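There are 4 protein chains.
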Amino acid sequence: MRVKIQASLNYHFYQPADVLLSLEAIRSQDQLIVSDQLIVTPPSALTRADGPELLGRRQWMRAHGDILLTYVAQVEVTRGPVNIAGLPETPRRELSYDVIRYLMPSRYCESDRLAPFAESRFSGAHGGDLVLNMAQWIHENITYTPGASNETTTAADTFMLRRGVCRDYAHMLISFARAMGVPARMVSAYAPALDPPDFHAVVEVWLSNAWHLIDPTRMASESNLVRIAAGRDATDISFMTIFGMAELRDQWVAVSVVAPEPLPT
Amino acid sequence: MRVKIQASLNYHFYQPADVLLSLEAIRSQDQLIVSDQLIVTPPSALTRADGPELLGRRQWMRAHGDILLTYVAQVEVTRGPVNIAGLPETPRRELSYDVIRYLMPSRYCESDRLAPFAESRFSGAHGGDLVLNMAQWIHENITYTPGASNETTTAADTFMLRRGVCRDYAHMLISFARAMGVPARMVSAYAPALDPPDFHAVVEVWLSNAWHLIDPTRMASESNLVRIAAGRDATDISFMTIFGMAELRDQWVAVSVVAPEPLPT
Amino acid sequence: MRVKIQASLNYHFYQPADVLLSLEAIRSQDQLIVSDQLIVTPPSALTRADGPELLGRRQWMRAHGDILLTYVAQVEVTRGPVNIAGLPETPRRELSYDVIRYLMPSRYCESDRLAPFAESRFSGAHGGDLVLNMAQWIHENITYTPGASNETTTAADTFMLRRGVCRDYAHMLISFARAMGVPARMVSAYAPALDPPDFHAVVEVWLSNAWHLIDPTRMASESNLVRIAAGRDATDISFMTIFGMAELRDQWVAVSVVAPEPLPT
Amino acid sequence: MRVKIQASLNYHFYQPADVLLSLEAIRSQDQLIVSDQLIVTPPSALTRADGPELLGRRQWMRAHGDILLTYVAQVEVTRGPVNIAGLPETPRRELSYDVIRYLMPSRYCESDRLAPFAESRFSGAHGGDLVLNMAQWIHENITYTPGASNETTTAADTFMLRRGVCRDYAHMLISFARAMGVPARMVSAYAPALDPPDFHAVVEVWLSNAWHLIDPTRMASESNLVRIAAGRDATDISFMTIFGMAELRDQWVAVSVVAPEPLPT
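Protein chains in written order, with the working numbering: chain W, 1 to 265; chain S, 266 to 530; chain E, 531 to 795; chain Z, 796 to 1060.
Please keep in mind that the hints were generated in silico from the structure rather than gathered at the bench.
Misleading hints may appear alongside valid ones.
To be verified - Quick partial rundown of chain E residues pointing at chain W, CB under 8 Å, derived from the structure: (1) R643; (2) L644; (3) P646; (4) F647; (5) S650; (6) A686; (7) M690; (8) R693; (9) M775.
Stated by the list, open to error - Where chain E lies over chain Z, by a calculated footprint (3+ residues, C-beta under 8 Å): (10) 888-898; (11) 931-943.
It should be emphasised that the depicted structure is a prediction, and the values quoted were computed from it without experimental measurement.
By construction, the Cβ of each residue, glycine as well, lies at the ideal position given by its N, Cα and C atoms.
Given these sequences and hints, build the entire structure.
And the structure:
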């Protein structure tokens, strides 16, 4: 399935600032980048800051004054429907450290603090069924409420607040999963048909020796998400990390499923 | 310089548990493993769980009942004296993501919360001199006090508590460094001449395109430390992560600088 | 019903310290002090520090070295069975400030943070029935676990931890009640038949223009509790507040229902 | 000195709500109410909710739709200049419980958590001099910054944030004072010559057997402040506590020192 993306961000930087951008789609087996481009206006040099490819592509920008950032892409998403029901957990002792790190508590996902609740509520099920039970609990107990949380809100806060946005839903599911021994990480994504259109955040859980997408907000379909970056929690996947002060003037995200088009020649 | 290590841990596991071990010395240019061995008694199979080699070697163990773990090693440490005075910072836009991740706040190192203080107290200096100023402030304002903190204590807690152990000293220096734009990470280590002998935790800061060791407790010498694992904070470098319940019965750490000996043939 | 109390505390004070004692039973309509005495060994002067009589009787002690404190009392408890089922709430605008203060969040009872959960879980019921629903939820979801919490644990912590002791049970019920508009406060008490015998902490809720006792641990009977002090949370009702350092060497609490005895003449 | 007050608040209540008002000046020896009136438009009944007179006068209001609240008063403030330099502390064992309660930590004043710093920084001085040292430290280390804090910010937060408004300055000084054994409480006030005019929050410390005003922001003069309410921290002295949802549309505070005028006959 072909997904067409345009994300535009207009910021004003009062002083020169370094900015780390995480806007480009990940290149991976389940999402082929047909074409993409990150455009800065006025034209400005970008410096690649990539780490492990599958955790996201990143670039440095030096910014001052009015900056318009535009990312346009066409991505062929081939992962098909995601169904984790019945998938077994990978035995813990078969996990390598690249996966183990997603078992540990992190700043916004205090899985250790939420473990007593998770154990009392979710014991019995395993693997994919366990994760689906957690997602169901979140669906029933958390209300999607823009403005109810902020960038310092943690999963433990959300557990009390019972409201939040995609970031908070993801932190909750990740925390529950880790508390019950399932490695889980956060993924930023472009999602077709989000209403209103926006950057999205979802979850990946490690089951049966692979990462599997799941959107605890149920606002997007895992089959047509385009992943941008993966990390322990919101700390790692911010689409812009600004070292300085800036003001967001305007933001526009358009993501849609399209018929494949011939590329410009 | 040749460092000889013996670390022995005697635990009782009431029920079978998976245990992730991070006890082995890192293999790197500045510390050559002459010989080492991780011995489990009663004999039990270990499974390697390594990630990136320079972040530490890890193994899985399945444990039940009384377990004696012993790590013995001889390591040739060649790094020589560490002197960061005068070292310049790497310009931020030259950092790759493998280093950038150590600029971000983490669970026990809330560099964002400590930034206002760091900026008001440490502005002016740069690079290695800046880090030495921070270490000096910690030396003057934090009192080494076993028992004053626990495994949930964060840098922000220590900033108020003014007491702590090596773990807390490291979290403070890491937080200050990140707050001022210097990538910093936590390193577990074997240190000769610690009194009392124990596992140790120190800091690495990224200056002049390389990691440099610094011990904010001033209890060990950076030149003869043997590094075990590196990570964002205490979460990543625990020498034993126990998935279950266990009781520490006894622990013995002996680390000393020795004359090189011929290896057994 | 006649309740006989003996509480003995043996402390060692390494240095001279001021100690605020809150050990004596409250004098009130529902509990008549037949006889009581607070004895310090070696003999030492006490200074009364009483505030409003119904919030508890307090005394200052100057302590150094080994101190044995003994409180002995016989109290006629006349309140009879407590049954709050069906009791109406007092309309808020009829509350005076002496009661209103127990509607506000306090340090260990973050009723504002727990309000979203309380509203989602307890809406519908009112007054005494509402409070009983909350107590039932606590009974079903919190496990009495000595050692699981400490003196800094708050109701929000307990909400996640799902374990605690009488202090934590009380903080939870108080927080839920305040969150739903029912004034609630914490009461220290001597309780017959506690197993093991100890100081106890329970709750009073304001319903139908009066305070009503309720023990969310269900370990004591409200009808034979002897109240010691009342306050917003654990901060206000500590049986000993020590301004300095001391070590508890021994503690013994015996509380029993007895046949009335003739007083010594 | 005659102080003339007008405070007007325009709120919109989307639904009927109970509102607890704490807007009227305290009647006390050092501030004589010459005349005052609390006016609700459209006209609406108020219900007195007073507690101890010296902690403030409070009223209940039932509100719906647009409400204009106006408090007008003339108050003769006779306390004269406040100078706490050299004032001795009251020996702890002479404190009654009405004062002792202001020695304890409270929700926004975590004096226990700030005690290590306070002890390391302020030891040596006593009584009024100690409090002045604390106020000086706050003056030098905290920057008055509207918008930097919010209604959940605690003294421990401000200690890290190094910025705040009158509420935060008061919480810091109260916490330091309590940590060092000086009872301290928070006082809401009308202050002439504030720029911009607003409700104000200051501190009272217990020295030499009496409460003494001190404004850690240094924006107002203690000699012409008109006290409204006193309590443990911001929890107790909010000028409006709204049980429901409302929107502040406009607020206007005018406080000035005037020549005494004959009262209307």
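Checked hints:
Nearest Cβ of chain W to the Cβ of R643(E): about 5 Å, under the 8 Å cut. The hint holds. Look at L644(E): its Cβ gets to within about 6 Å of chain W, closer than 8 Å, so that hint holds up. A cut of 8 Å between beta carbons decides the hint on P646(E): the least distance to chain W is about 4 Å, and the hint holds. Against a cut-off of 8 Å between C-beta atoms, the interface hint on F647(E) holds, since the closest Cβ of chain W lies about 6 Å away.
The interface hint given for S650(E) holds, since its Cβ lies 6 Å from the closest Cβ of chain W, which is under the 8 Å cut-off. For A686(E), the shortest C-beta to C-beta distance to chain W is roughly 6 Å, which falls under 8 Å, so the interface hint holds. At about 5 Å, the closest approach between the beta carbon of M690(E) and any beta carbon in chain W falls short of 8 Å, and the interface hint on this residue holds. For R693(E), the shortest C-beta to C-beta distance to chain W is roughly 7 Å, which falls under 8 Å, so the interface hint holds.
Taking 8 Å as the C-beta cut-off, the interface hint given for M775(E) is violated, the closest approach to chain W being about 31 Å. Only when three residues or more bring their CB closer than 8 Å to a CB of chain E does the claim for the stretch 888-898 of chain Z stand; here the count is 8, and the claim holds. A count of 0 residues in the stretch 931-943 of chain Z with a Cβ less than 8 Å from any Cβ of chain E is obtained; the coverage claim is therefore unmet, three being the minimum.
Hints 9 and 11 from the list above are not met by this structure, while the remaining hints are.
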